[in-house]
Amino acid sequence: MSGTPVRVTVNGRLHERVVAEPRLLLSDFLRHELGLTGTHVGCEHGVCGCCTIRLDGEAVRSCLLFAVQADGAEIVTIEGLARGEELHPIQAAFRECHGLQCGFCTPGFVMAVDAYLEEVRRPDLTDEEVREAISGNLCRCTGYQNIVEAVKLAAKTMYGEA
Amino acid sequence: MATRVFGKPIRRNEDLRLVRGMGSYLDDVETADPVHVAFLRSPHAHARISSVDVSVARALPGVVGVYLHGDLGEHDIELPLMIPHPCMPYPRTQRLLAKGEVHYVGQTIAMVVAESRYVAEDAVELIDVDYDLLPAVVDLERALEAGAPTTHSDSPGNVGAHLVQVVGDPDEAFARADVVFTERIEIERSAGQSMETRGVLASYDPRTRELSVWDTTQAPLTIKGSLGSLFGIPYNKVRVKQPDMGGGFGTKVMFYPDEILVPWASIQLGRPVKYVEDRIEHFLGSTHERKQVHELELAATKDGEVLALRDRFLHDTGAYIPYGIAIAQVAATQLPGPYRVPSFRVEFTAVYTNTVPVTPYRGCGRPQACLVIERAMDRLADEIGVDRAEIRRRNYICPEEFPYRRGDILFADGLPVTLDSGSYEAQLDTLLDAIGWHGFREEQAAARAEGRRIGIGLANYVEGTGLGPYEGAHVQVEPTTGKVWVATGLVSIGQGLETSLAQIAAEELGVDTEDVLVVTGDTQAMPWGVATFASRAAVVSGNAVAVAAGEVRRKALRFAANMLEAAEDDLVLEGGRVFVKGAPDRFVTLKQVAIASNPLRYAFDADARAATQFAPARRSDGPQLPEGEEPGLESVGYYSPPHATWASGAHAAVVEVDEETGELRYLRYAAVHDCGTMINPMIVEGQVMGGVAQGIGGAFYERMAYDQDGQLRNASFMDFLIPYATEVPPMRLEHLETPSPLNPKGIKGAGEAGCIPVPALTAAAIDDALADLGVRVRSMPLDPCSLKALIDEARAARA
Amino acid sequence: MKPPPFDYHRPESLEEALRLRAELGPDASVLAGGQSLVPMLNMRLARPAALIDLNRVPGLAGIRVEGGAVRVGAMTRHRALERSDEAHAACPLLREALGLVAHAIVRNRGTIGGSIAHADPAAELPSVLTVLGGHVVATSVRGQRTVAASDLFEFHFTTSLEPDELVTEVVFPLPPSGAGTAFLEISRRHGDYALAGVACVVANGSTRLCFTGVGPTPVLVESDDPEAAAAATQPADDIHGTARYRRALVRVLARRATALARERAGGGAA
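Residue numbers (the numbering used here), protein chains in the order written: chain A, 4 to 165; chain B, 3 to 801; chain C, 310 to 579.
In case anyone wonders, no lab produced these hints; they're calculated from the structure.
Misleading hints may appear alongside valid ones.
Below, a list of computed lysine-lysine pairs in the DSS-like style, where the Cα atoms sit at most 30 Å apart [what the hints assert, rightly or not]:
id, chain 1, residue 1, chain 2, residue 2
1, B, Lys10, B, Lys304
2, A, Lys155, B, Lys10
3, B, Lys10, B, Lys583
4, B, Lys304, B, Lys239
5, B, Lys485, B, Lys239
6, A, Lys159, B, Lys239
Stretch-level coverage of chain B by chain A, calculated; a stretch enters the list once three of its residues show a Cβ under 8 Å from a Cβ in chain A [to be verified]:
id, segment
7, 16-22
8, 184-198
9, 691-698
10, 721-730
Far from chain B by the CB rule (all over 10 Å, computed), these chain A residues [what the hints assert, rightly or not]:
id, residue
11, Thr7
12, Ala76
13, Arg124
The beta-carbon is built from N, C-alpha and C at its ideal position, and this holds for glycine as well.
Given only the sequences and the hints, what does the whole structure look like? Please build it.
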């Protein structure tokens, strides 16, 4: 089988693979070809948001893309945020505010929030704004309130006190 | 003790890996050369399988095997009945693969093993099955009519279980009551729907004859024992590991066909075999809960004192009854809630239907019972014209009445229902302040003047938690790191157990919580225990950890006394070291004690070398390990509760109803929760808030939409509507701590509580918002369409 | 839930895309944002023999406000149009409706042309295009033509486009000056498909309403009469609501949207 070559930069590192079948989902490619299992798969129909990554800067569902479509792209996954042992401010805020329990949805939330905060670049977020911003991600454990707190804390950490 | 960590909102140990995407969930576990499973599942609710042709599927390149029930040989079996009970006339459980007849949409018929999940799914589509359709049983009441079709063709009827229980003399109470009424209350079917689906990875090594299984189970020791006995593998050569778990909610405590079939396939093929459910399979193949229809009669005095209840209810058990009567029994026993209710009669019939089997989902019968009793209490308040909060006050069990035993009615642990402690009225008062109950009528009138309809509702619940039989813990101070290692037989399902249990060990041993490594769900680390369910982990395992850690503490002091040549009573254990009172520079570290406790001669690091400067941990003129002593600074401890301990709570919400569209919005929410002494309030709050969100799902968003043919019409996240952040309101939480007298730590369970009262208080708040129209909510969940229909009916009735 | 096999084509020019479209015919599906198509593939509800991925075709994305219209290249992402201040200033109805299209992360990938060509009658954009009297530019190897929204949407997920045609541009005419517009919908959860929704333009004393989710296509009603609206729509029962309920929502939405649009027309801005 010939396959399709895929060159993709993930978390700053270039990967080259030959994808045997074009139907391979990007989420499966990241997880099982590249071993980046922090991107989780919760529904595979684009609702839950567990598989959210950043593709050329935009937060997207990796279960709704084929690996071959990512050829030439720059991807950031949850594994690309912390610097060594030092947590990214969003990750630190999730821990500080108890914004996670089972942790399965967490990478998707963190990546969605990462893109959101980079876009708004403000420390003074309201609850309503934050709830709207995270409304594409499902969490079954926390009831969201502590996630909202975590996003507000991360915004303050990253963009200064309001 | 200087370092108090018990009871503190300490950040969680597990988060350090989880927030980085470095958790290891089932599908993250990699083995060399795995093959992948997909199942052919029944597309029909009830049908006879007349023929199956797998030849085309078997021939597809990449397919390793296709198996039907007849290929399983001696393992062509039914799953075990996990909790037998004599009230079940013909208990049915599921076969691993269907034989002859299928009983629900989603039932496993064939297992395909292939080089990838993609190919396995291709092969499933190539299996050709001929079905003869049989009538499907879906509606509970019709299922019990004479001549109704049966869920199982070879069963005489659809009764899964039938039980009558009586406390006191209800008929006498009804005869003398001033107020008597009947309410019919229904609640729909839902499911846990954890973000991670279920999965199994099995690897059998034919050389060592060891079977290693990774399983998203809440009960790894059950799986270990079952697989060992089924496959004739020595108990200690079966290792079951539960990796990080993406939520459990009860759904993962059941025993599923794949949990046997996947290890079986690995043994057959000599290769690792992996199965990860997709979301649709999780809807169709993993268990549901909640559907019940109650007819409750209530008898009270004119002052609102409840004298008796009589409740008859139907409980939908789906196609099988593997978990026995657990849910119905919990519902029956929780029916009187926190109220005195001196007499009651409860009769339930569990009904088979051609739908996904029903086993406990977070709440386990309690949301149903809470809806029933709380709707009845609201009605009673309205009938006699008192405030809905006041009617509760008049019926609460008072603090001085504990322990409060409800006759001979038995709880899920098989022991009489005995409420151990609680502060129900204080809880109510805290709640009323937190939600703004007292000023609400003005607020409501002001909103009404703006054309907005708002309403307030509250609900109380009690929850029997922390059941036996027992749990154990192995606590060890590691001789290489000096850190504390704790292993339990039950598992963390994402609720923060690694931290709660660490806090208990840290408290006993005077170390930081971060220096306690908790291992849960590895059957090789702790081979004895039960499982995580029924809000029991913190209560039962927590106390077991305290027992074991207490013994380690005593050992550490005893050994250190020898090492420091001081009296035990003069020693202090704190900050990871043991020192002499008043002379903190005369100390040994816990690590040094651990090293010295093991009579080996090695000195790999500075601590080991330092330990040799001290006197030995034990004095012995004979063998270095004297008789009766064990090496290592460690202990195994167990805790077995006398019976369930009863947590409680009271929640309230203010909602807004759009009477033109039937839309509902929660404006604010308050919860008062009493789970006894809290190990970590932050974790408890998280549990409660998450439960509330799930309860909101169960009140207005989530339901399993079965049609008359037994097809589940919303088996995806597009149509099964889990609330997003935009649907869940801000919550205010208040805690009460009424310690349990039953266990040394005073702990009660907290895991399930949050979801229990939400349908009940939502119904009450909707009533209140629409009170002038005479709307009374009697079924849950609602949705905009059904709420609008209630409003229209009420208006039509008034016109 | 893995997609069935398909041939994958990634044209690098419009000519190549059109040639593939002509050669492969109706057995091939066009992959734009994939936010509707890929879930259907994963669930194996769609099984095209081939996919033609337009994501590498240059020149298909872009937003221009000119000639009295917002002209949007078919491969423009929802988010790009939502973020465009120029488009918003010219036609505030667009941003209002786009904010209700699923969630931001879906809009990051979903395309304007894809939403229109998918012709989901419960989606927001077909109603917006219809209420504004807009059109699409359809291109094939045979040439280019414009298709008015009123002629485009034929049935659930069905358009009048030929199998060899691609939507290359979507043209949203600006409402007349002084007009007021509004988009309202009732959905189960924020971001869900609407139980019923409406796009509304009030201008020069006349009202145009176009409903989503209550018929096999967007339903245009040139009246502010809620009863006329209810009569024009053809809602169906489904698990989220009955036809009767949806018709009730149509009346409410007609009234609320008209009032809101009038208020905005009066206030100038929207």
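Now for the hints, and whether the structure bears them out:
no.: 1; hint: B:Lys10 / B:Lys304; in the structure: violated, 47 Å
no.: 2; hint: A:Lys155 / B:Lys10; in the structure: holds, 23 Å
no.: 3; hint: B:Lys10 / B:Lys583; in the structure: holds, 26 Å
no.: 4; hint: B:Lys304 / B:Lys239; in the structure: violated, 66 Å
no.: 5; hint: B:Lys485 / B:Lys239; in the structure: holds, 28 Å
no.: 6; hint: A:Lys159 / B:Lys239; in the structure: violated, 52 Å
no.: 7; hint: 16-22; in the structure: holds (count 6)
no.: 8; hint: 184-198; in the structure: holds (count 5)
no.: 9; hint: 691-698; in the structure: holds (count 6)
no.: 10; hint: 721-730; in the structure: holds (count 5)
no.: 11; hint: Thr7; in the structure: holds, 15 Å
no.: 12; hint: Ala76; in the structure: holds, 19 Å
no.: 13; hint: Arg124; in the structure: holds, 21 Å
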